[in-house]
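Peer 1: Listed here are the chains, written in short residue letters.
Number of protein chains: 2
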Amino acid sequence: MSRIVVIGGVAAGMSAASQAKRRQPDDDVVVLERGPYVSYAACGMPYNIEDPARTLDDLVVLTPADVRERGIDLRLRHRASGVDSGRRVVTVQDLEVGTTVEVDYDALVLATGATPVQPPIPGLDKRGVFVLRQLTDGQALKQHLAEARPARAVIVGAGYIGMEMAESLRSRGLAVTVVERMDQVTPGFDPVIAALVTDALGRHGVSVETGVAVQAVEEAGGDGLTVRTDRGCLPTDVVLVAVGVRPRVELARSAGVALGETGAIAVDDGMRTNVPGVFAAGDCAEARHIVSGRPVWIPLGTTANKQGKVAGANAAGATEVFAGVAGTVGFKVFDLEVARTGLTATEAASLGIDVVTAVSRQPSRARGYPGANPITTTLAAERGTGRLIGAQMAGVGVVAKRIDVFATALAAGLTVEALEALDLSYAPPFAPVYDPVLVAAAVARKRLQAAARKEAAAVGRVGR
Amino acid sequence: MSRIVVIGGVAAGMSAASQAKRRQPDDDVVVLERGPYVSYAACGMPYNIEDPARTLDDLVVLTPADVRERGIDLRLRHRASGVDSGRRVVTVQDLEVGTTVEVDYDALVLATGATPVQPPIPGLDKRGVFVLRQLTDGQALKQHLAEARPARAVIVGAGYIGMEMAESLRSRGLAVTVVERMDQVTPGFDPVIAALVTDALGRHGVSVETGVAVQAVEEAGGDGLTVRTDRGCLPTDVVLVAVGVRPRVELARSAGVALGETGAIAVDDGMRTNVPGVFAAGDCAEARHIVSGRPVWIPLGTTANKQGKVAGANAAGATEVFAGVAGTVGFKVFDLEVARTGLTATEAASLGIDVVTAVSRQPSRARGYPGANPITTTLAAERGTGRLIGAQMAGVGVVAKRIDVFATALAAGLTVEALEALDLSYAPPFAPVYDPVLVAAAVARKRLQAAARKEAAAVGRVGR
Chain A
1 MSRIVVIGGV AAGMSAASQA KRRQPDDDVV VLERGPYVSY AACGMPYNIE DPARTLDDLV
61 VLTPADVRER GIDLRLRHRA SGVDSGRRVV TVQDLEVGTT VEVDYDALVL ATGATPVQPP
121 IPGLDKRGVF VLRQLTDGQA LKQHLAEARP ARAVIVGAGY IGMEMAESLR SRGLAVTVVE
181 RMDQVTPGFD PVIAALVTDA LGRHGVSVET GVAVQAVEEA GGDGLTVRTD RGCLPTDVVL
241 VAVGVRPRVE LARSAGVALG ETGAIAVDDG MRTNVPGVFA AGDCAEARHI VSGRPVWIPL
301 GTTANKQGKV AGANAAGATE VFAGVAGTVG FKVFDLEVAR TGLTATEAAS LGIDVVTAVS
361 RQPSRARGYP GANPITTTLA AERGTGRLIG AQMAGVGVVA KRIDVFATAL AAGLTVEALE
421 ALDLSYAPPF APVYDPVLVA AAVARKRLQA AARKEAAAVG RVGR
Chain B
465 MSRIVVIGGV AAGMSAASQA KRRQPDDDVV VLERGPYVSY AACGMPYNIE DPARTLDDLV
525 VLTPADVRER GIDLRLRHRA SGVDSGRRVV TVQDLEVGTT VEVDYDALVL ATGATPVQPP
585 IPGLDKRGVF VLRQLTDGQA LKQHLAEARP ARAVIVGAGY IGMEMAESLR SRGLAVTVVE
645 RMDQVTPGFD PVIAALVTDA LGRHGVSVET GVAVQAVEEA GGDGLTVRTD RGCLPTDVVL
705 VAVGVRPRVE LARSAGVALG ETGAIAVDDG MRTNVPGVFA AGDCAEARHI VSGRPVWIPL
765 GTTANKQGKV AGANAAGATE VFAGVAGTVG FKVFDLEVAR TGLTATEAAS LGIDVVTAVS
825 RQPSRARGYP GANPITTTLA AERGTGRLIG AQMAGVGVVA KRIDVFATAL AAGLTVEALE
885 ALDLSYAPPF APVYDPVLVA AAVARKRLQA AARKEAAAVG RVGR
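Going down the list, the sequences are from chains A and B. Just so we're aligned, residue 1 is where the first sequence starts under the working numbering, counting upward by one. Just so we're aligned, residue 465 is where the second sequence starts under the working numbering, counting upward by one.
You can trust all of the hints, since none of them are fake.
Computed footprint of chain B on chain A; a stretch qualifies when at least three of its residues, placed anywhere within it, have a C-beta under 8 angstroms from a C-beta of chain B: (1) 39-50; (2) 337-346.
Restraint-style ranges between C-beta atoms, simulated for each label pair: (3) A/Gly413 x B/Asp732: 25 to 31 angstroms; (4) B/Ser718 x A/Lys454: 45 to 51 angstroms; (5) B/Asp732 x A/Gly384: 27 to 33 angstroms; (6) B/Pro500 x A/Gly371: 28 to 34 angstroms.
Just so you know, these hints were derived from the structure itself, not from any lab. In this text, all values refer to a predicted model and were calculated from it rather than measured experimentally. Just so it is clear, CB atoms sit at the ideal spot from N, CA and C, and this is done for glycine as well.
Just chain A, with the same shape it has in the complex (with noise of 0.2 angstroms):
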């Protein structure tokens, strides 16, 4: 019998202990978690905050006698403090009692997560300023709402949780400004696509403030607060800090895990860092890219679950592997669906891949069938080959799992030629004739034609 210790129990951790478990149930599996929960679906708190009949509670998936159940070891409110890969032995203060022990490990998973990046902003120790990451930062947002009833919210950051949590707080009546610093909202989404989230925002009455640094946040008196910025100042009643995350490596640094150029744990296929017997899993861990072949860090739920797995797999002696990711990632605001999959035109340049871009936009059902609206779709296709790089759509229907289809071509490496032959499914309830996504592929098709033509014109009167 050996020892599997699981340093975090959140998705990656909690995959990682269970699957671990399930392949050796005779070892010993323990699950370090310095928080009061487990295993919750911390991408349910946007829509559980908007209501307020519902608690945090429900977002639990496993409770700790359900993970007890399973044969898992698991100490809540025990942080992991230092480790020892030499020796093997991970140094455990229990946060209730405040002792600290050592446990030995044959195997260690670190599944640390991640932390939201504060900025060095004067005030965000204020009452009323929040950040949403745990389960125990959404409970103190939820009860402050319930208990303050603030009128008034800024957002600062206008990335995907920032559009959620504008959503949310906005249903619950209050009256929401994103502040963002850079010049659109959800930066890493073409600006044809950044656009339409603005107008959803517009359209339901969020004001929306981009290329605005945020300077201080300070009282004003009452239970009010001031957010000023380089532009002048938001009166406000709550603050919400997100403007991203940054990997938790430090116990990693500490036990000798090398970093990747991200800043985030460097791992193999199998999720095993430098150091033997080290696994790292999820929010703390690069991936491989399936379309760049770089290591990347796209901290996300489905990644941490699926990594999680194999890296629970593998330090329970298996040799199973991580297929990458391909920077899926879709989130609702309003009526608005919004995914991107593969690399945006700027990213592939970055890389040295030369792209073809190409904007469509084509209704999500039938002409005439109620509900059928513009999806708008960009494409990235790499200039020689076709082969598709990425795509984004925005459109008030059926957006994210139309993504999945060019999700599914970068997994195959697919043409945009071999795209809009796709035998994609049709009826007026669902889609026109002609998907989106064939649309989409047509219209770069042609402008790789395009750009071959202009570019054979060229050498033609280069060698002339």
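For this one, chain A is given, so just place chain B on it according to the hints.
Peer 2: Frame of chain A, contents of chain B only:
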């Protein structure tokens, strides 16, 4: 300048004519259409009929004037009565004035479509008995609904037109009974999927009788009708016969054009028939199935449009290729979406493909998110290789656009293992962490592994 004649002016025919004219603007492109309309969205008829406020004319995509503006010589109410492929001449009757003329061609595109199967049941000529194929059929039915105000309908045939019309007529307040000769609704779908369709019909107040043969339609006094079956009599006011279609190939046959095993026109990848200069496209023609590699006849609007484009381009001298079909079909009945792609286990078996099947059930959205409902998936994968062979899905939620992921996987020849590794979009409003597609692939992968182990064990026993 040469002349391209297209027989049939709906999906395939208009696509062919438009494409030909675009490729060769100086060519003479003639469309012969026996009906009074061209280019209408036939698939929209059930939804249009459902809504008394709309007229069937809404489904017309291009008016005759639009078509003529494209420089196409459109001849409505002109019936092609014969083709002499030796002399390259079509005999054409002007149904308005009764004259017959000969039109010669350099290239001919047969887009004659399909015609409803009229089962040998006495009484199908009675007032109140309808089929639904052409726009004029829809107009006749809709007018009857408005004028005769029938209270009861019997739909003969539980294919997807029957299902869509059950919803349509039920939504208009009629008491609807569906009668199907086979022992399940939607033949061509797996029984577990068909059971969900039956359930949806029942939940919405539609009676379903399977394994019942209609023997006659009789007058029952007043405007009433009686549908006599081998299991008793059904009193009704309206009967819709929707027992499928057959390809219209009389003209092709007269021209010496060879039919395939399916009874539809045999074509190559360029939509060429065996007769030089004669192409065929749409519901009258076969297509290559990308999984089996065999010719199939699956008449659908999407295929008709795509084949028409290829036929038109090639009639104009190009060498375009139609990539084939995956057998993707989808429909909605009330709140249930149903779709399939690829081969069923039964179809695979008949082709000598040894498959393992898997049934799975996974919510459409994250647990706790409003509208999270189970989606049922059946999946067939090739024993040994693990290659995806086909999939079917049904559920209240996004189903058809999930089937598209399987359709893409079929085109790329992916295994279920590769499917399981896909980086699909995830956020609570549109998927659980493990999308139904991924769960279906995982269940299939496990069943394949179990089958392989069983086989290995059997070999071991034999070897002993």
